[in-house]
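**Student:** For the protein sequence lines, the chains are A and B, in the order given. In terms of our numbering, the first sequence has 81 at position 81, counting the first letter as 1, and numbering is strictly consecutive. One rule links them: number in our numbering = place in the second sequence (from 1) + 1000.
Be aware that one or more of the hints could be misleading.
[What the hints assert, rightly or not] Pair by pair, the computed Cβ-Cβ distance ranges are:
(1) E1079/B x Q226/A: 34 to 44 Å
(2) H23/A x Q1087/B: 33 to 43 Å
(3) S1147/B x W335/A: 18 to 28 Å
(4) N32/A x K1222/B: 53 to 63 Å
[Stated by the list, open to error] In silico negatives: residues of chain A with every beta carbon more than 12 Å from chain B:
(5) M228
(6) V288
(7) I338
Just so you know, the hints here were simulated from the structure itself, not pulled from any lab data. Glycine included, every Cβ here is placed at the ideal spot set by N, Cα and C.
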Amino acid sequence: MTDAAKTPVEASDAAEAAHPLDHPVRGFVAANRAPLGTLAVLVVMMAIFIAASPQVFLEWNIYRSVLTTLPVALFLVVPLVFVVTAGEIDLSFPATMGFSAWMFALVVQAGFSPYLGLAAAIATGALLGFLVGALVVYFRLSSLIATLGMNFMLRGLIQIATQGKSIALLSLTQSSVKSVFSGILVGVPTQMFWALAFVMFASLLFNRNQFGAHVKIVGDNPDSAQQMGIDVNLVRVKAFVFVGLGAALAGFFSTMINVTWWPTSGDGYLLPALASVFVGGTPTWGGVGTVGGGAIGALIVSFIQTGIVGAGLSGFYVQFFNGLIIILSLIGHRWNQIRYR
Amino acid sequence: MAQRLIELRNITKSFGRVYALGGVNLSVDAGEVVGLIGDNGAGKSTLIKILAGVVKPTSGEILVRGEPVHGWSAARSREAGIETVFQDRALAVQQSIVRNIFMGCELKGPLGWLDTAREAREAERLMREIGFTSKVFTPRSIVGQLSGGERQGVAIARAIYRQADLIVLDEPTTALSITETNKVFHFVRQVRESGRSIVFIGHNIHHVYGIADRFVVLDRGKMELEAKRADVPSAEALISFMEDVAKPNRPGDPGLSETKAAP
Chain A
1 MTDAAKTPVE ASDAAEAAHP LDHPVRGFVA ANRAPLGTLA VLVVMMAIFI AASPQVFLEW
61 NIYRSVLTTL PVALFLVVPL VFVVTAGEID LSFPATMGFS AWMFALVVQA GFSPYLGLAA
121 AIATGALLGF LVGALVVYFR LSSLIATLGM NFMLRGLIQI ATQGKSIALL SLTQSSVKSV
181 FSGILVGVPT QMFWALAFVM FASLLFNRNQ FGAHVKIVGD NPDSAQQMGI DVNLVRVKAF
241 VFVGLGAALA GFFSTMINVT WWPTSGDGYL LPALASVFVG GTPTWGGVGT VGGGAIGALI
301 VSFIQTGIVG AGLSGFYVQF FNGLIIILSL IGHRWNQIRY R
Chain B
1001 MAQRLIELRN ITKSFGRVYA LGGVNLSVDA GEVVGLIGDN GAGKSTLIKI LAGVVKPTSG
1061 EILVRGEPVH GWSAARSREA GIETVFQDRA LAVQQSIVRN IFMGCELKGP LGWLDTAREA
1121 REAERLMREI GFTSKVFTPR SIVGQLSGGE RQGVAIARAI YRQADLIVLD EPTTALSITE
1181 TNKVFHFVRQ VRESGRSIVF IGHNIHHVYG IADRFVVLDR GKMELEAKRA DVPSAEALIS
1241 FMEDVAKPNR PGDPGLSETK AAP
């Protein structure tokens, strides 16, 4: 074959290892545009807060108060990234969170070990996640509407069964679980360490595991995934089960922090958790997502409320700034995200 | 003579009372490129879906390496070493080249943890094998950044990774520029040199003429011509034959029809 006959795809040997993706910094930036963008939003927001009221934001107290409740949000937001990346949505997680935490509370109230209660909560979360997922996937329902229905139905069941009564679990304060799961370690609430471990595990699952790879492919091109032998429905159901597991952990930690279970447990997280996913840089169309971005998104959403009140503005401003930050982040990500179809 | 890889004998397919295929014979030998030509509705897609096992023929016989196979299915087709690259739904375009090549067959350790280093090495080897390398992208590049011809390269590399002996390309050069078409031709030649076979489907006769060793022309579910490249003087001869076939009531076949029974 002559040189002229060689086609334009021939390689140039001289160019080996010179590719931008092989450069350590540029490769990292290219692969992490969305979470880095979210991080930039967080940094700018915090700088504004610090400038507005240094006396509040240079004290550790405000950070400790955010870190107390942030873990609950992280357990919800991170698995939601998987479901959204798989091209679905789950609005049933608040009720799953309340339901699983209810099982935990019942086990502890009955005098059993809180660790057994935790196991019961996890099993409940996984089962509910499976039911929701199977409903959506095998009955071919719209996940937006079907999971909304499940959220109402499960919450209704809780209300009917408990007649709206909460469960106080003061015995927890004397138990070792309190210091392990919601104590203080070097000035930081211990639940934060569990949540960080969860985020790191989920990030590996998303980027270095077959499950994460399949979630992305199914969200990207389900027909192609099917043809290549991936069980598309099973992958979708697994993503819903993961949300159920996260919701169970969120419910457990929320109950541990408050030492009380409320029948409304989880209700307030529906919109903030979803907002965190999208503020974090996971797009709505499926196929791509970012676990780290979602975690930073949760941090941003948690800080808006504390920050605005801390900056001396009245609570009336919270909703306005919540909305403003969400819209600005979405515009930023829109500009940042390359869409291939 | 080269080994006969697959043979479809007298395949018919009817949807209700409509015949999509009325007795088609198609055979592919090892290391050859068969060009399957026909207009829209000629039965090309039905035929390749039968070959891929996703559509069951109404009647007919399928032989793999001379042995008749019963209960033909997508799994049997894959076992026989047939990989089909469908036109629009082959690739996940927001994922990397690596993720597409190993889609559904990831290289993994315990508990599904991916062996990314081995995947990257293997992907580079596969891409080199079909002459698909460039300084513009690496195996980690996103498929959506590649051109149309390069995307066909990813799909072909995946088929080779899956041990395909026969790769069926469904309209691989439709809507591609000349440069991109040449890239696809380059990949196809590399695949042929490695002893594998290709069925190249298209309705651009110039494209098919440029790459195929043998032509099969389908029209309204019937095989109108099967000819070796040596027997067809030019793409124009093939086109005039096709135009003649397309006439509703043709008086008589032109000269090319004499080669009909060959080889």
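**Student:** Determine for every hint whether it applies to the structure shown.
**Tutor:** Here's how the hints hold up against the structure:
no.	hint	in the structure
1	E1079/B x Q226/A: 34 to 44 Å	violated, 18 Å
2	H23/A x Q1087/B: 33 to 43 Å	holds, 36 Å
3	S1147/B x W335/A: 18 to 28 Å	holds, 24 Å
4	N32/A x K1222/B: 53 to 63 Å	holds, 56 Å
5	M228	violated, 4 Å
6	V288	violated, 5 Å
7	I338	violated, 7 Å
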